[in-house]
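**Student:** Each chain is listed here by its residues.
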Amino acid sequence: MHEYPITKRIIEISQEHANKYNAKEVKQINLVVGDYSGYVASSIELYFGIIAEGTLCENAKLNIKRVKPMLKCNECGILFERKPFSFECPSCGGQGSPTKIGHEFFIESIEI
Amino acid sequence: MSENREIEVMQSVYDKNDEVASQINKSLTKRGIYAVNVMGSPGAGKTSTLIQIIKRLDGITPYVIEGDIESDFDTKTLLSLGVKTIQINTGGACHLDSPLIGKAVDDLNLEKGILFIENIGNLVCPAEFMIGEHAKMLISTVTEGSDKPYKYPLAFEKADIIILNKCDLLPYVDFDENFFLEGVRALNKTAPVIKVSCKTGEGFDEVMLWITEKAKK
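Top to bottom, those sequences are chains A and B.
To convert, note that position 34 of the first sequence is 33 in numbering that gives the first Met the number 0; the numbers rise steadily by one, no gaps.
To convert, note that position 168 of the second sequence is 167 in numbering that gives the first Met the number 0; the numbers rise steadily by one, no gaps.
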């Protein structure tokens, strides 16, 4: 449900950029989606086919790069993936803090 | 077929929502309104918390925007207490977004005070969307269990204040307070965690101190 408007926005942004270059079609959209962005890549793909119909993006391939969320250890500073029910650093046992890694949700580029 | 030509875009897909949110925030600030985005799961006691706070808002005008998928029960309750309230029914959508709030803010005719925006009961999506608020208030409960920060990290990470409700039930439930607080602190170093009970009113003096202090600025 909540991926529908956002998929529409992906198509709008791609078209705006394609129009600037007078492109007849968008061949590929390179999208970066963090696992903590709250958006499910497979749902975006599902809606994309429906919404893109009749637009410049109709035949575009949606290339989604998924990013795993990372914590940063407060003690030793390394970045690590969180284990369920824990924020513990696998290297030194310190506590990890959230970072921006994994919250991404942007269009990196389009291919025309 | 010719080769693909790559065009750099680097544009956030949230851009429209965030742009509107920032306009709403500016316009509210100008009108002397402090806006609080109230988040929590269904049944956490979001409306009950608002009633407890509003009862104690001495000399400050409260306004409420009620977000629900369906129904206007909470709006009726608040209106019966004399609180200027407006209902938004999303008809299925799991969170409020800024275009929805923009319209409600225009309809409410706000003047100096505190605007509480009660989001849809949901611990996931409301945390992802800015809606023009100055602060995010998260309401969690001892009956939901102490694992919530670990299961819904984003809501706890983004909160400016965390209210732990239903503390009058602590003797009856297996709520591990240390485990809860450890999870909260790993995600959020600054938000105060205030234990309250909407049933007894305990803890709300502390909530009031926080909110009146923030709204003054």
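You may find that some hints are simply not true.
[Unchecked claim] Listed below are the simulated EDC-like cross-link pairs for lysine to aspartate or glutamate, each with C-alpha atoms no more than 16 Å apart in a straight line: (1) LYS82/A with ASP175/B; (2) LYS15/B with GLU156/B; (3) LYS71/A with GLU5/B; (4) LYS194/B with ASP175/B; (5) LYS60/A with GLU2/B; (6) LYS26/A with ASP175/B; (7) LYS82/A with ASP146/B.
None of these hints come from the bench; they were simulated from the model.
**Student:** So, for every hint listed, does it hold in this structure?
**Tutor:** Hint check:
1. LYS82/A with ASP175/B: 20 Å, violated
2. LYS15/B with GLU156/B: Distance ~23 Å between LYS15/B and GLU156/B Cα, so the pair is violated.
3. LYS71/A with GLU5/B: It is violated: about 33 Å lies between the C-alpha atoms, which goes past 16 Å.
4. LYS194/B with ASP175/B: 14 Å, holds
5. LYS60/A with GLU2/B: 14 Å, holds
6. LYS26/A with ASP175/B: At roughly 53 Å apart (the allowed maximum being 16 Å), ASP175/B and LYS26/A break the hint.
7. LYS82/A with ASP146/B: The hint holds at about 14 Å.
Hints 1, 2, 3, 6 from the list above are not met by this structure, while the remaining hints are.
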